[in-house]
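Peer 1: Sequences listed follow chains A and B, in order.
Each residue of the first sequence is one higher than the one before, starting from 0 at the first, in numbering that gives the first Met the number 0.
Each residue of the second sequence is one higher than the one before, starting from 0 at the first, in numbering that gives the first Met the number 0.
Simulated from the structure, these hints should not be mistaken for lab results.
A portion of the hints provided could be inaccurate.
Listed next, the in silico DSBU-like pairs over lysine-lysine satisfying Cα-Cα at most 35 Å (straight line) [claimed, not checked]: (1) A:Lys12 <-> B:Lys64; (2) B:Lys65 <-> B:Lys12; (3) A:Lys41 <-> B:Lys65; (4) B:Lys41 <-> A:Lys1; (5) B:Lys41 <-> A:Lys65; (6) B:Lys52 <-> B:Lys12; (7) B:Lys64 <-> B:Lys1; (8) A:Lys64 <-> A:Lys1; (9) B:Lys65 <-> A:Lys52; (10) A:Lys1 <-> B:Lys20; (11) A:Lys65 <-> A:Lys41.
Owing to the predicted nature of the structure, the values given are computational and were not obtained by experimental measurement.
There are 2 protein chains.
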Amino acid sequence: MKYIAHINIMPLKELLDPQGKAVNNSLHNLGLSQVHDVRIGKHITLSLEAASKEEAQQAAQDACKKLLANQVMESFDFTITEA
Amino acid sequence: MKYIAHINIMPLKELLDPQGKAVNNSLHNLGLSQVHDVRIGKHITLSLEAASKEEAQQAAQDACKKLLANQVMESFDFTITEA
């Protein structure tokens, strides 16, 4: 069966996010002063062929750990949906 | 009240995503050959002060349209949750 993994990779809360800080300031300059704590990460979608949802979850976790996320600096979470 | 906006910004489906293609190939090289159609975009979280959920949605949409997403090449969607 075909599944789609929706993966979010974000910088760890303990670390500074200079890109988020810059966007935060830019939003204030544009008049959106109610915005705070901007953090910017990656959103990755991928299609997976797998026999079951559990197998798809395992493959998505493998992909995150082996390649997509740098776990020293980033955390990841994902959801699996049927295509 | 305080809300959190979870924003996803992805390259439009009609456009090539060379970064996604490269990651796709790398995952195959790592043995994850069941993966296809990798697309890479941005995930942005931000805190918002707003009187209502509707006001928070409006602010998040403003932020996307004015700064975060380039609508010529990217689409965006977001969800608002209470902090």
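Peer 1: So, for every hint listed, does it hold in this structure?
Peer 2: So, going through the hints one by one against the coordinates:
| no. | hint | result |
| --- | --- | --- |
| 1 | A:Lys12 <-> B:Lys64 | holds (26 Å) |
| 2 | B:Lys65 <-> B:Lys12 | holds (21 Å) |
| 3 | A:Lys41 <-> B:Lys65 | holds (20 Å) |
| 4 | B:Lys41 <-> A:Lys1 | holds (24 Å) |
| 5 | B:Lys41 <-> A:Lys65 | holds (20 Å) |
| 6 | B:Lys52 <-> B:Lys12 | holds (29 Å) |
| 7 | B:Lys64 <-> B:Lys1 | holds (21 Å) |
| 8 | A:Lys64 <-> A:Lys1 | holds (21 Å) |
| 9 | B:Lys65 <-> A:Lys52 | violated (38 Å) |
| 10 | A:Lys1 <-> B:Lys20 | holds (19 Å) |
| 11 | A:Lys65 <-> A:Lys41 | holds (16 Å) |
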